[in-house]
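Peer 1: Starting from the structure of chain A, add chain B where the hints point.
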Amino acid sequence: MPLEKSSQNSSEVELLSFRLADEEYSVDIMSVREIRGWTRATPLPHAPMHVRGVINLRGTVLPVVDLSVRLGMEPVVGDARNVIIVVQVGSQTAGLLVNAVSDILALPRTELQPPPELAADCAHSFIEALTIVDGRMIRVLDLSAVLPDENAEAA
Amino acid sequence: MATDPMAEIRASFFVECEELLESLQDALSDMEEGNHDNETINIVFRAVHSIKGGAGAFGLDALVGFAHRYETVLDELRSGRMTITPEAMKLFFQAADFLQDHVRAARDAAPPPDGSEDCLVALEALIGGGAGPVVEEEVTDFQPMGLAFDFGTVEETPTTPVWTVRFRPAAALFSSGNEPLHLLRALGKLGSCTTRCDLTRLPTLESLDPEGSWLEWTVEIAGDVTDFDIREVFDFVEDVCEIEITQGTAETAPSDAGGLSLPDFGLPGLPDLPPLAQDPEDPVPLAPAPAPRAEIVPMPKTEPRAEVPPPPFAAADQPTAPAAGPAGGAAPREAASEPSATVRVDLDRIDRLVNLVGELVINQAMLAQSVAEAGLPPNSAVMTGLEAFMMLTRDIQDSVMMIRAQPVKPLFQRMARIVREASGAVGKEVRLRTEGEATEVDKTVIERLADPLTHMIRNAVDHGLERPDKRRAAGKTAEGVITLSAQHRSGRVVIEVADDGAGINRPKVREIAISKGLIPPDAQLSDSEIDNLLFLPGFSTADQVSALSGRGVGMDVVRQAIQSLGGRITIHSEPGKGTRFSISLPLTLAVLDGMVVNVAGETLVVPLSAILETATLTDEDIRALGPNTNVIHVRGAFVPLYDLGAELGYRAPKSSYAGGIVLLTAQENGTRSALVVDSILEQRQVVIKGLQRSYGHIPGVAAATILGDGQIALILDPPDLVQNASGRTRSPAFALAG
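Chains A and B, in that order, give the protein sequences.
Going from the first sequence to our numbering is simple: count from 1 and add 474.
Going from the second sequence to our numbering is simple: count from 1 and add 13.
Chain A with its partners taken away, still in its complex shape (with noise of 0.2 Å):
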């Protein structure tokens, strides 16, 4: 679990929020390499529909995930205003494509609750907690299941 991992001896846990169609996200700002401006990615053939394609990172191929596809909503239209948050999971970097970036928010681990069991989108299962700020609901990403391992060798 990327929380546990990043932060095991803080009872304060810091989150890098960001919008999503009108929903508010975070990830642990651990795993969170870097944040860049749009750039149209090349395309990859026969690639899933949320993999957008890959850019280039200076000098390394990097594949950009659009999150919103992934959690089963409308594309991002891709353009200036939308930023790719670069992430690190296990040895994998990947690019998140997301509408913008909101927050950079700390909050003590205790606020963070576990998502209810709801079967009926498949958005849940990658959601690996929630929390309240400001009277928002903000989901955590569990980062490992957004972005399985490709050559399954992590598993």
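A couple of the hints might just be wrong.
Simulated restraints, written as ranges between beta carbons of each label pair [claimed, not checked]:
| no. | chain 1 | residue 1 | chain 2 | residue 2 | range |
| --- | --- | --- | --- | --- | --- |
| 1 | B | Val395 | A | Asp577 | 40 to 48 Å |
| 2 | A | Leu581 | B | Ala123 | 52 to 60 Å |
| 3 | A | Glu508 | B | Asp722 | 18 to 26 Å |
| 4 | B | Ile527 | A | Gly546 | 55 to 63 Å |
| 5 | B | Asn641 | A | Leu581 | 57 to 65 Å |
| 6 | B | Lys521 | A | Met523 | 48 to 56 Å |
Anything over 10 Å on all C-beta distances counts as not near chain A; from chain B, calculated [what the hints assert, rightly or not]:
| no. | residue |
| --- | --- |
| 7 | Met19 |
| 8 | Gly93 |
| 9 | Pro124 |
| 10 | Ala138 |
| 11 | Ile256 |
| 12 | Lys422 |
| 13 | Gly488 |
| 14 | Lys489 |
| 15 | Thr496 |
| 16 | Val507 |
| 17 | Ile527 |
| 18 | Ala671 |
| 19 | Arg697 |
| 20 | Lys702 |
| 21 | Val714 |
| 22 | Gly723 |
Don't read these hints as lab results, they were simulated from the structure.
The C-beta atom is built at its ideal place from N, Cα and C for all residues, glycine as well.
Peer 2: Relative to the frame of chain A, chain B by itself:
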């Protein structure tokens, strides 16, 4: 592993072994060419000896045992007591191969190779029987040879006239700052030397005066030397030592004399030394080998503590052989002090550098593009500066690529072994000639070339060359010649395997192809088309399927391997004269010559090596095959048409391809296919970026590259693309579905 110093030393020993084995092979090849001079034989001897020395230090008993017995035979050769016959050469080569197997086995902690005993027995038979059991005993009692004892004259053997120099330094020689090592070295420069050290006067440790002089050397110098030359060496020390110079047929002391007579060599003054000295782990701290050029010198400095056998590496501390480098357990520190100007660098570091330079090239292209977009005048300072920068980057790129480049020599040597084994197996006499061994190719290319080349060499021996009787009937020498050559040609490496055999039997090839249903019976094929049938999967011409080759997975596998390296393979054959396979390879796998094309707004790179030709389609060229497929008619052949845009899912197939541009590519099985693109942008070198690590395998896509504008372009793998395309969905079917 890197933290364990012993493991490191051990690893460096095996690296050195490889070098020694290489020089051993070289010298043996030299000898086979008829070069029987002392130096060549000595190189052979030293290589084996150094491996033995190092192996002893690591307690690799099997290796030591083999090397020792090999060395014993070689010593006979060196001392001129046996003559070089083709028979003997064959055994020497075989033994060298086994030595290599032993080294590998020792390295991988694997069991020693089978059959080495037979080889040794055959070798020992050359020098007369009886040697077997005797040396067997020595194996457990490994003793560097040439322990200098005075009884060299015991042996009765004819030798050439030599000078014998008895040299006994007085204590004053040391106190005056002289050094016997230098004197012995100077002697070594005069001619080929055998140096022995006499320890008989060495007292026990308790009674030893460390400042005294206890050693005496006997040096036998063979060669064009005069009395004056020798006297001159001792010019400055004449009054502080005893010298006795005699000429005559003195013994070239059999160097195994020391080893054989070990149990009773009796160092009278050293009652407590023998047990230690006999420890197989501890070579006696004396001259380890009678080196040809008296570079092997008993370390005079060690004499005050002669009772303490130095660590086994002491042997390695001796500059045994200039070419061979420090033997055995010599630590890297010593390697560094060797004159050879090479550095061993971790491959990862080089790869990182190669990657960085790749970035630099991309960056430079991006910079050039933005400068061009800024619309600066062509003679502005920025433009000229940029041009200089571009030249520098190209130079750096070339230099970095050269670091990864390695000579093909080790690969060729492996092939020499394959030839020996293969020719032995089929009972043909074959000789391998190599050319251009110094040609350098990317390390990865070399590694991945070994298998296809092995296959080709075996094919050449098995199928290419005729049997000796047939060769004689055709007016050729009974011995077939296979030529393996490498050269640089227009930015690529061309490796050729040629034999002087009967050439391809075209009627037979045709017949087989027809009988196997590979071609229609009435097909009209040109000679080269018939030759290329060899590359079809499942083709095998040999009447008898031998164990060597002819398993039916022949040249198509070779071709596939070559193509996966971005190379091409072609055949030229002349009946009665032989067959030549040419492999053309890129110099490196880090960059690739590609054709940059545009398909449905996407930029793609197609490897140039995959493209046979490009063409513009006219209406008549295109014929509908089925409801969903098209073929094009190119020079009498029908070639399936694939729309890259549709295959890669960028667009639906177009209604008409007239006026479109196609790239004709060849498949591994020899069939061609035509790929439709929208436009061809340019032809350039691109830096290959792996895609696999960031994303799984994509059918038809080999890798990616970064273009001058910073965008990523995919590098296609046309054979893979076509294979997947034809197997899954044909392009117009896609149109109907979509």
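Peer 1: So, for every hint listed, does it hold in this structure?
Peer 2: Status of each hint after checking the structure:
no.	hint	result
1	B:Val395 to A:Asp577: 40 to 48 Å	holds, 42 Å
2	A:Leu581 to B:Ala123: 52 to 60 Å	holds, 58 Å
3	A:Glu508 to B:Asp722: 18 to 26 Å	holds, 21 Å
4	B:Ile527 to A:Gly546: 55 to 63 Å	holds, 58 Å
5	B:Asn641 to A:Leu581: 57 to 65 Å	holds, 58 Å
6	B:Lys521 to A:Met523: 48 to 56 Å	holds, 55 Å
7	Met19	holds, 32 Å
8	Gly93	holds, 61 Å
9	Pro124	holds, 32 Å
10	Ala138	holds, 55 Å
11	Ile256	holds, 70 Å
12	Lys422	holds, 34 Å
13	Gly488	holds, 59 Å
14	Lys489	holds, 55 Å
15	Thr496	holds, 42 Å
16	Val507	holds, 32 Å
17	Ile527	holds, 39 Å
18	Ala671	holds, 25 Å
19	Arg697	holds, 17 Å
20	Lys702	violated, 5 Å
21	Val714	violated, 6 Å
22	Gly723	violated, 5 Å
Going down the numbered hints, you'll see the structure goes against 20, 21 and 22, while the others check out.
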